[in-house]
Amino acid sequence: MLGYRSMFIEFDPSVSIDRILREITLENDAFGASFEPQVRPADERFGDFQANGILPFAKKAGLNPRDLAQKLIGLLPHSDFWETSIAGPGFINFKLSPLFFKKWIEKFKNAESFRNAAEVKKPQKIVVDFSSPNTAKQMHVGHIRSTIIGESLARLFSFIGHEVIRDNHLGDWGTQFGILLFAIKKENISLEDLGTDPITKLENLYRMGNGWVKDDENKLVQAREELVKLQNGNPENLALWQKIKDISMDSFLGIYKMLGVQFDYSLGESFYKNKVEPVYEKLLHHQICVENAGALVVFHPEHKRFSKQPFIIRKSDGASNYASTDLATVEYRRKEWQSEQIIYVTDGRQRDHFEQLFMTVQKWFSKEKNICPILKHVWFGTILGEDNKAIKTRDGEPIKLIDLLNESIERAKALVVEKNPDLENSEVSRRAKIIGLGAIRYADLSQDRTLDYVFSWEKLLAMQGNTGPYLQYAVARIHSIFRKVGLKPNEIRISDYPPTSDSEKKLARKLLFFSGAIKQTIKELKPHFLGTYLYELTTEFSSFYSQNKVVVEENEIKFLRLILCARTLCVLEIGLDILGIETLQEM
RNA sequence: GCUCCCGUAGUUCAAUGGAUAGAAUAUUGGUCUCCGGAACCGAAGAUCUGGGUUCGACUCCCAGCGGGAGUGCCA
Numbered sequence: 001m002l003g004y005r006s007m008f009i010e011f012d013p014s015v016s017i018d019r020i021l022r023e024i025t026l027e028n029d030a031f032g033a034s035f036e037p038q039v040r041p042a043d044e045r046f047g048d049f050q051a052n053g054i055l056p057f058a059k060k061a062g063l064n065p066r067d068l069a070q071k072l073i074g075l076l077p078h079s080d081f082w083e084t085s086i087a088g089p090g091f092i093n094f095k096l097s098p099l100f101f102k103k104w105i106e107k108f109k110n111a112e113s114f115r116n117a118a119e120v121k122k123p124q125k126i127v128v129d130f131s132s133p134n135t136a137k138q139m140h141v142g143h144i145r146s147t148i149i150g151e152s153l154a155r156l157f158s159f160i161g162h163e164v165i166r167d168n169h170l171g172d173w174g175t176q177f178g179i180l181l182f183a184i185k186k187e188n189i190s191l192e193d194l195g196t197d198p199i200t201k202l203e204n205l206y207r208m209g210n211g212w213v214k215d216d217e218n219k220l221v222q223a224r225e226e227l228v229k230l231q232n233g234n235p236e237n238l239a240l241w242q243k244i245k246d247i248s249m250d251s252f253l254g255i256y257k258m259l260g261v262q263f264d265y266s267l268g269e270s271f272y273k274n275k276v277e278p279v280y281e282k283l284l285h286h287q288i289c290v291e292n293a294g295a296l297v298v299f300h301p302e303h304k305r306f307s308k309q310p311f312i313i314r315k316s317d318g319a320s321n322y323a324s325t326d327l328a329t330v331e332y333r334r335k336e337w338q339s340e341q342i343i344y345v346t347d348g349r350q351r352d353h354f355e356q357l358f359m360t361v362q363k364w365f366s367k368e369k370n371i372c373p374i375l376k377h378v379w380f381g382t383i384l385g386e387d388n389k390a391i392k393t394r395d396g397e398p399i400k401l402i403d404l405l406n407e408s409i410e411r412a413k414a415l416v417v418e419k420n421p422d423l424e425n426s427e428v429s430r431r432a433k434i435i436g437l438g439a440i441r442y443a444d445l446s447q448d449r450t451l452d453y454v455f456s457w458e459k460l461l462a463m464q465g466n467t468g469p470y471l472q473y474a475v476a477r478i479h480s481i482f483r484k485v486g487l488k489p490n491e492i493r494i495s496d497y498p499p500t501s502d503s504e505k506k507l508a509r510k511l512l513f514f515s516g517a518i519k520q521t522i523k524e525l526k527p528h529f530l531g532t533y534l535y536e537l538t539t540e541f542s543s544f545y546s547q548n549k550v551v552v553e554e555n556e557i558k559f560l561r562l563i564l565c566a567r568t569l570c571v572l573e574i575g576l577d578i579l580g581i582e583t584l585q586e587m
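Quick note on my numbering: the first sequence kicks off at 1 and runs consecutively.
Hints listed in this document are in silico derivations from the structure and should not be mistaken for laboratory results.
Any given hint could be a false lead.
[As the list claims (entries may be wrong)] With a cut-off of at most 30 Å between alpha-carbon atoms, the simulated DSS-like pairs for lysine-lysine come out as follows:
1) 109 <-> 369
2) 523 <-> 125
3) 519 <-> 121
4) 369 <-> 304
5) 523 <-> 121
6) 488 <-> 506
7) 369 <-> 523
8) 369 <-> 389
[Claimed, not checked] Restraint-style ranges between C-beta atoms, simulated for each label pair:
9) 234 <-> 111: 18 to 24 Å
10) 318 <-> 338: 49 to 55 Å
11) 466 <-> 318: 52 to 58 Å
12) 407 <-> 119: 26 to 32 Å
13) 33 <-> 309: 19 to 25 Å
14) 111 <-> 308: 48 to 54 Å
By construction, the Cβ of each residue, glycine as well, lies at the ideal position given by its N, Cα and C atoms.
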């Protein structure tokens, strides 16, 4: 009887506690199947986990919550793994025993066992659609969030066992090409000979062209003609367009390489331009869309807003727009790739668009009795300028993404040189890159993605306090300890001792919450939950490190502390890798 | 007009409806014979206003106030 009820050492201990509470309440008259344990991590002062479910349950049943809590505790089989107590109005606190910590540390011993423990039961094929810059322009600060958040989510999905397809949905078929082609021809520019920074040249040309057409109706007409020629397949314009795309991709790839991002596909809107006609036909056939003022639009009568606000899928001049290509894209990803889930990582200002897109797709797929992939819009806040307005490309000075990245690397370089005056240049550069890019990534990923923030160099490039380099520093120090003892982290044997000192226990305790942090990050698709957890783990480590000397005479104490270091290192390296932040052995 | 997002220490950010709202930074006092001071320990400092729901509200609902966004042919 106690066999199946006995506590298993789970990656997430709250799972075991929840299961046992459900088992013992299920057959009991006082509780029954409707009892929800509500197991949460507890405040350190009270224990390690708490079950809050007694309070609402007692209220509903008209019982005294403390009495009921007492009853529940009475039903619990004795365990060497925890102590329970009732507190406040009826919280049940679980304080895990040193034995539990010892067993947990023994069981989850390397990246492999962490990964296995975190794996989902049913892996899915998930498309992550992110970054998606427009060709003919440089990537600017506005693109950093999609790129970094998207990559992090992709890594997270992979970590828990999903199959991930990274797709860079390039904006390579917009109206910008009319203006750009016009400018190229008028200035008689050769795209083969744009010098060392071709993308900047293109961008300047576009800006120039944009200025012309604004003031001159005649030039606007000519630019439109170039666009029409391109869309009709004019070979000259098509060749120029392809060349522009190649130049753009070169510049994007430089940034992706720095950031460790690799796409499986970069299909872009142009890929779908010939796939929209059948979509129109199908949606018309199913009476999902209607013609309205010359355009083809979708209304959703059941929706308070979209019953009036149209989703325009074909413009009145017959041309497609991003709604058209997005529809075709969903169909392609489902049919060709069998995607079960599609995640779009874009600016929050596109929320209406995606809401309308998703509703339309669901109706469409439902009519055809096709399985509709799970569609999620992972939106993020705007990066604002000093004036609290979005940083825009057209006016003002857009901050180029490449400049931001390089600036951070330069700042890191100065610090690395300051700390290591004799280090050779190549190693300085290597470390500076990892530290500088880590700082930027962490700055963005450590805050809730849905919030806007005002752009500031200081914020993005900070290297002290709650920052990427702080986490990297802890990793480097752990490596340093292992160098000192001449052992590798995976060579550390289990100590006979469980965590005993205050900071040993606190550190071990924090390690247990890794799984919870992963789950919460997945549930909300918000990497800052993981970032916050890693920061908290790091502060526990730093505290432990300064209060407990690791390399001591007594072997069992030494190995206990070394194993805590090894496990902390493992969690930090896995977690930081999910955030896309590289680590160093020395910094 | 309608819809959505956001108002938390001086500043920048946290807080699956749960116990005394956590950090960073700035200010300030310590650690400084230490396995790496990019560190550690301490002090001080905050939930926009008013109602409501709840055993319990930063969190949910309503009304204000303030900031931002979207709202038919850009993406």
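For each hint, the structure was consulted:
1. Between residue 109 and residue 369, the direct Cα distance comes to roughly 47 Å. Violation of the 30 Å bound is thereby established for this hinted pair.
2. Simply put, residue 523 and residue 125 have alpha-carbon atoms about 17 Å apart, close enough for the 30 Å limit, and the pair holds.
3. Restraint check for residue 519 and residue 121: satisfied, since their Cα atoms lie roughly 14 Å apart, inside the 30 Å limit.
4. The suggested pairing of residue 369 with residue 304 holds, with an alpha-carbon distance near 26 Å, which does not exceed 30 Å.
5. Simply put, residue 523 and residue 121 have alpha-carbon atoms about 15 Å apart, close enough for the 30 Å limit, and the pair holds.
6. Pair hint residue 488 plus residue 506 holds up; C-alpha atoms about 24 Å apart against a cutoff of 30 Å.
7. As the CA atoms of residue 369 and residue 523 are separated by approximately 28 Å, the hinted pair is consistent with the 30 Å bound.
8. For the given pair, residue 369 sits about 44 Å from residue 389 by alpha-carbon distance, which is inconsistent with the 30 Å threshold.
9. Look at residue 234 against residue 111: about 54 Å separates their beta carbons, and that is not inside 18 to 24 Å.
10. Checking the proposed 49 to 55 Å range against residue 318 and residue 338 shows it is violated: the Cβ atoms sit about 32 Å from each other.
11. For residue 466 and residue 318, the Cβ-Cβ distance of about 53 Å falls inside the hinted range of 52 to 58 Å, so the restraint holds.
12. Between residue 407 and residue 119 the CB atoms are about 39 Å apart, so this pair departs from the stated range of 26 to 32 Å.
13. Taking 19 to 25 Å as the suggested C-beta distance range, the pair residue 33 and residue 309 does not conform, at roughly 44 Å.
14. Under the hint 48 to 54 Å, the C-beta atoms of residue 111 and residue 308, about 53 Å apart, fit the expected range.
When held up to the earlier numbered hints, the structure conflicts with 1, 8, 9, 10, 12 and 13 and fits the remainder.
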